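Sequences and hints are given; from them, build the entire structure.
Top to bottom, those sequences are chains A and B.
The working numbering numbers the first residue of the first sequence as 1 and each following residue consecutively.
The working numbering numbers the first residue of the second sequence as 1 and each following residue consecutively.
Bear in mind the hints are in silico, worked out from the structure with no lab data behind them.
Predicted model, so just to flag it, every value in this text is computed and none were measured.
Where a beta carbon is used, it is the ideal one built from N, C-alpha and C, also for glycine.
Be careful, since some hints might not be right.
Unchecked claim - Among chain B residues calculated to face chain A with C-beta under 8 Å, some are: (1) Y24; (2) T72; (3) I100; (4) T133.
Stated by the list, open to error - Simulated DEER-style distance windows between Cβ atoms: (5) A:R85 <-> B:P138: 40 to 48 Å; (6) B:D116 <-> A:R26: 22 to 30 Å; (7) A:E31 <-> B:A43: 35 to 43 Å; (8) A:R15 <-> B:E126: 28 to 36 Å; (9) B:G119 <-> A:H70: 19 to 27 Å; (10) A:N28 <-> B:E112: 16 to 24 Å; (11) A:E20 <-> B:P138: 51 to 59 Å.
As the list claims (entries may be wrong) - Mimicking EDC-like on lysine to aspartate or glutamate, the simulated pairs with C-alpha atoms at most 16 Å apart in a straight line are: (12) A:K76 <-> A:E31; (13) B:K129 <-> B:E115; (14) A:K67 <-> B:D63; (15) A:K67 <-> B:D65; (16) A:K19 <-> B:E122; (17) A:K19 <-> B:E120.
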Amino acid sequence: MGCIDALKPEIILSRTTFKEAREYIRKNIREYHEVEPGYRVFDVHIIGVPPLYIGIEGEDLIFPYTKPCHGTFVVKIPGGAEVARLRARKGK
Amino acid sequence: MSEKTALILLGCPQVPVQTSMALYLVHGLSQRGIRPVVAGTMAARKLMEVADPDRHYLGEMVDLDAAIDEITGKVRDFDLCFVFIHNDSGIAYAGTMAYISGARLYTLIFGEHAEDLAGEIEFPCEVIKAKATHNPMPLKRRFDEVMQWAASMR
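So, in structure tokens, the structure goes:
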């Protein structure tokens, strides 16, 4: 899973589709923010067709991570400064 | 007039037709004066490099994430973009390219589920599809039609 491995992500959904990942975040995470395709969080890009969401739960980020061969994963990672950056986005 | 460029975005290389069709596309674009840049995972790129050891066909090759980084960062963009698709991730990457790049987008959909995947396309692009997994000829025939469109853009 690339460099985000080092952040020890919790895998919430595995080998799903980007649409199912979107629906999971929309339905299960109270606070979520829409981001554009290609939005960079940690060292990965959010990949897919809009709308794409990143959830915030406590200090954690919950977001879709797409791999070319294994589909999309929904992962949960301590958000650090990314939480504030996400909340600060204009109009979101 | 500046040189036209094309990004060829490879998907997971598990379906055999991808590598040969990507090399065929690289060759066709080069012949028409369009400079191809190939982006993909390391495995997808290595399959291409091993098949063309003297680099008769291949030019610049880049990591998939690096290519997306450059486009989202407005460091570079392309005139044309061809995305190989045989699974949901391929659709996701093509949708991303439709959003972040100003390139004219072509989605090349192949494999067992080509028809179903083509139904998932919800963004502006030219769809080229064929139920091809091992035999590249159905996809090649569709490619050949598109190559003429690409050349006509010059």
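Exercise. Would you check the hint for K67 (chain A) and D65 (chain B), treating anything up to 16 Å between C-alpha atoms as holding?
Key: holds, 11 Å
Quiz prompt | Restraint check for K129 (chain B) with E115 (chain B), where alpha carbons must lie at most 16 Å apart | solution = holds, 7 Å
Self-check item: Beta-carbon spacing of R15 (chain A) to E126 (chain B) - inside the hinted bounds 28 to 36 Å or not
Solution: Given about 29 Å between the Cβ atoms, the range holds.
Quiz item: Between N28 (chain A) and E112 (chain B), does the beta-carbon spacing fit 16 to 24 Å?
Solution: The hint (16 to 24 Å, Cβ to Cβ) is violated, given that N28 (chain A) and E112 (chain B) are roughly 31 Å apart.
Quiz item: So the hint says 40 to 48 Å: do the beta-carbon atoms of R85 (chain A) and P138 (chain B) match that?
Solution: Holds: the Cβ-Cβ distance is about 46 Å, inside 40 to 48 Å.
Self-check item: Hinted pair K19 (chain A) and E122 (chain B), Cα distance within 16 Å
Solution: holds, 12 Å
Exercise. Against chain A, run the beta carbon of T72 (chain B) and see if the smallest gap drops under 8 Å.
Key: Hint holds; T72 (chain B) Cβ to chain A Cβ min 4 Å, cut 8 Å.
Practice problem: With respect to the beta-carbon atoms only, verify the hint that E31 (chain A) and A43 (chain B) lie 35 to 43 Å apart. | Solution: The hinted range 35 to 43 Å holds for E31 (chain A) and A43 (chain B), with Cβ atoms some 37 Å apart.
Quiz item: Range hint 51 to 59 Å: satisfied by the CB atoms of E20 (chain A) and P138 (chain B)?
Solution: The hinted range 51 to 59 Å is violated for E20 (chain A) and P138 (chain B), with Cβ atoms some 30 Å apart.
Self-check item: Hint check for R26 (chain A) and D116 (chain B) - Cβ pair distance inside 22 to 30 Å
Solution: holds, 23 Å
Quiz item: Taking the beta carbons of G119 (chain B) and H70 (chain A), is their distance inside 19 to 27 Å?
Solution: Hint holds: Cβ distance 22 Å, inside 19 to 27 Å.
Quiz item: Against chain A, is T133 (chain B) within 8 Å by beta-carbon distance?
Solution: Hint violated; T133 (chain B) Cβ to chain A Cβ min 16 Å, cut 8 Å.
The structure fails hints 1, 4, 10 and 11 (numbered hints given earlier, in ascending order).
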